[in-house]
Amino acid sequence: MSTPVIDRPGTPGTRPRPQARRAAAPPRIPAQRGPGENRRAQEQRRTRAVARENTGRAKFVLVVMVLLAVGLIATLWLSTAAAADSYRLQEARQQTAALTERSEALRKEVTVLQSPGSLAERAAAQGMVPVSDPARLVVGPDGQVEVVGEPRAAAPVAPPAPPAPDPAAPGDPAAPADPAAPEAAQPQAVPGGGTSDPEAEGGDAAAAAGAEAGADIDRQEGADREVPADARAAGGQD
Amino acid sequence: MTYAPPRGRRPGYGGGPPRGGPPRRRRSAADDPRFRLRLAWVLLAALLLVSGAKLVVVQTVQAGSLTADAEKQRASRIVIPAERGSITDRDGNVLAFSTESKALVTNPRLINRTRGAEAVDYKNAMADAVAGVTGGDPEELRRALARDRGYIVLATAVDPAPARELRERFPEIAEESREARQYPGGNLASNIIGAATWSADAQKLVGRIGLESADDDLLAGRDGFQIADTAEGSRTVIPGSVRSEQPAVSGSDVQLTIDSDLQFQVQRMLAGYAAESGARSGSAVVLDRETGEVLALADNTSFDPGNLLEADPATLGNKGVTTPFEPGSVNKVVAMAAALEAGVVQPEDVLEVPGQIQVADRTIRDAWAHGVERYTLTGVLAKSSNVGTLMTAQKVGEDAFSDMLTRMGVGQRTGVGLPGESAGSVPPRATWSGSTFGNLPIGQGLSMTVLQMAGMYQAIANDGLRVPPRVVAATEGPDGVRVPTEAPEPVRVMSPENAQTLRTMLTAVTQNERGQAGTGPAAAVAGYEVAGKTGTAQQVDPETGAYSRSQYWITFAGMLPAQDPRFVVGIMLDAPRGGTSAAPLFHDIASYLAQRDRIPVQSEPPRVQTLQLP
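Note that the protein sequences, when read in sequence, are chains A and B.
Position 133 of the first sequence, counting from 1, maps to 167 under the numbering used here, and the rest follow consecutively.
Position 244 of the second sequence, counting from 1, maps to 993 under the numbering used here, and the rest follow consecutively.
By construction, these hints were calculated from the structure, which means they are not laboratory data.
Given the structure is predicted, the values throughout are model-derived calculations rather than measurements.
All C-beta atoms in this analysis are idealised placements derived from N, C-alpha and C, irrespective of residue type, glycine included.
Some hints here could point you the wrong way.
[Claimed, not checked] Derived, one-sided and incomplete: chain A residues facing chain B with beta-carbon distance under 10 Å:
(1) A131
(2) P168
(3) R170
(4) D176
(5) G177
(6) A187
[What the hints assert, rightly or not] Footprint (simulated), chain A over chain B, 3 or more residues, beta carbon under 8 Å:
(7) 841–850
(8) 1242–1256
Okay, chain A solo, but in the shape it has when bound (with noise of 0.2 Å):
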């Protein structure tokens, strides 16, 4: 914005600075101009340098404080934004907490249901048993199928029997199969004597000789040795 300060000759108040002046006295010819008119001249000139001058500290005062100003407004409305933000954030964060959280317990459930463990105790009280010795049919090249195995109906499964059976009752309920039998079939020797002797295994098809009852009595008493532990749990729990 420029304010019109023109022409006003011969005021007498105004005193241009030197420095003005200067800036103001162009080079002239005087013998071109009378001297009355030289000095009005003079006057205007001063007159305009001067208004030029104010109009340039007022923009320069009018600009700092459009600056102060917008810097002050800035300044609220960050405080007031960081200070929302960080409410924002707070709740951001919780959620987050609160999310987090969850996917874990959701993780939890799923890996337990998703174990090979959940998943046969489902299936089982779905009424599935599992498969033990499935027939299978074979396509030959020329379309004649082939039954391999032997088809049977699914049994339930028992659960596993406890342990420490009647040691009295050898042998019939652990050979589930007939093939078992050529082993119980042959003739077992005793190996012998009472020695030190690292006698020959009993052999594979064996130890059916140590069914006698005697034996079986050594065993249970075996059966109570401790068998050492390779690792235990420290205590430390508190």
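With the hints as your guide, set chain B onto chain A.
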């Protein structure tokens, strides 16, 4: 310093008595303003000097210690806990991982003081609420709360959400952050993984047994810390006061070679079979033929790692790698392999096998009495003739046999990566007596773990190249880079042709033809050719110090399918009821493997091999 001008000594000025009164008392020195002024000067100067001296002392001499004291008062070292790595199976199914949990503690004494008469009701309500969340015994909590103590632990592992609710309801409850270890599979592979529990001393999860303990450094990571000023009595960090910070480094994840489903089935079958046969204990292992990776490794007993304190200590070990046994006839493949490698025998060679043989001062008999029989070499192996095996071993010689034992990995740790691994034992070659060579070929007088036993058969299955078994497939550091375990150096045990020949000989063990039956037909799987070997070894009776005639280690090692094996299975049962064979258990495991991996059925029946000539 302000300077008060001395007062004039004008008469009547100041507090002097009025003129015309009684004669003035003579002034003392203390009344002299100049003196007072001087005194004040001196005092002030002295004060200034003392202050200055103190200032110098505080600012220079004591500066260090005072600053340190001040910092100690405000600054706290806050530990940033590192998350423990997880353990997964070969397909990435999680076997062990960590979650955040809270321990709830309270101060009964404070409750008594603040709640007064209502304290008892209040504490009972608290006990019921906590027990409702943790599933604990409310009576026990009530008793704990009734005690006059300043600190009791109400619960050790509560999920954060219920813990927060409890804390909101009962402001006297405080929580302590903890890391809880989750084992979603329960006792699945617990003998391998082991368990980690919270250590109150270390303020972190610490591996107690198994891999959790052996790989603790890897899994635990490194706690970070932050040194910062905190508001008094709390852990709230004053912003901008962080002086030093080191972020926590999470633990590495460990991936095992274990297959969860197979592990579950093997555990279940083994536990069932061991119970059925009355065995004292049992172990089984399934290896991948090509890589030697452990797909399943089970004991007949296992424990719940989430509840380590209540576990039976006898169930905590991993007998498959820690407890060696005498393998019995399973070891006969060593003599056979050595003989085939030496080129001194062929599978069809016929041996005239008497019922007993003299080795040095010992007489070794076959398990069944017989006269001189004509067995083929295959028949010697399939019928598990001790005498025939020793005859073959003698053809090879002690050195070649000992060398083959070493190449098979007997007497050496496999380096599987599990803690407490046993190397088994083989008498050093230099200490062999005459009769030693009558024991070792038939699998007595030396011991091995079930893993070593399976390793021997892996060599036969893998065309003579033994790859030591491994259980850790890879680790994944906090940077997310997966580092596979370094592949073990394979050992050439025998030539591929001889391995192939030996496999064919081993199929005869499961053969069940009239007059030509092997010792383990129960191991056969319909539609597949199975190679394997049964074993029975006498145990040493601790009472007599001699080999027992009633207690045996029953073993089986085999592979499926025989000609292009994919799996190697080793089984050991410790002192089952007499007459028990491990072959049926091998059959169950092999049958499951064939189904699960859809191994192509071999439609033509395997060739019948001649075991015995008339």
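Status of the hints after comparison with the structure:
The beta carbon of A131(A) is positioned within 10 Å of a beta carbon in chain B (closest approach about 8 Å), and the interface hint is therefore held. Among the interface hints, the one on P168(A) holds; its C-beta lies about 6 Å from the nearest C-beta in chain B, closer than the 10 Å criterion. A distance limit of 10 Å between C-beta atoms decides the matter here; for R170(A) the minimum to chain B is near 5 Å, and the interface restraint holds. For D176(A), the suggested interface contact is broken, since its CB lies about 12 Å from the closest CB of chain B, more than 10 Å.
The interface hint given for G177(A) is violated, since its Cβ lies 14 Å from the closest Cβ of chain B, which is over the 10 Å cut-off. Given the 10 Å rule on beta carbons, the hint for A187(A) is violated: about 16 Å separates it from the nearest Cβ of chain B. Residues of the stretch 841–850 of chain B with a Cβ under 8 Å from some Cβ of chain A number 5, which satisfies the need for three, so the listed coverage holds. A count of 0 residues in the stretch 1242–1256 of chain B with a Cβ less than 8 Å from any Cβ of chain A is obtained; the coverage claim is therefore unmet, three being the minimum.
When each numbered hint is compared with the structure, violations occur for hints 4, 5, 6, 8.
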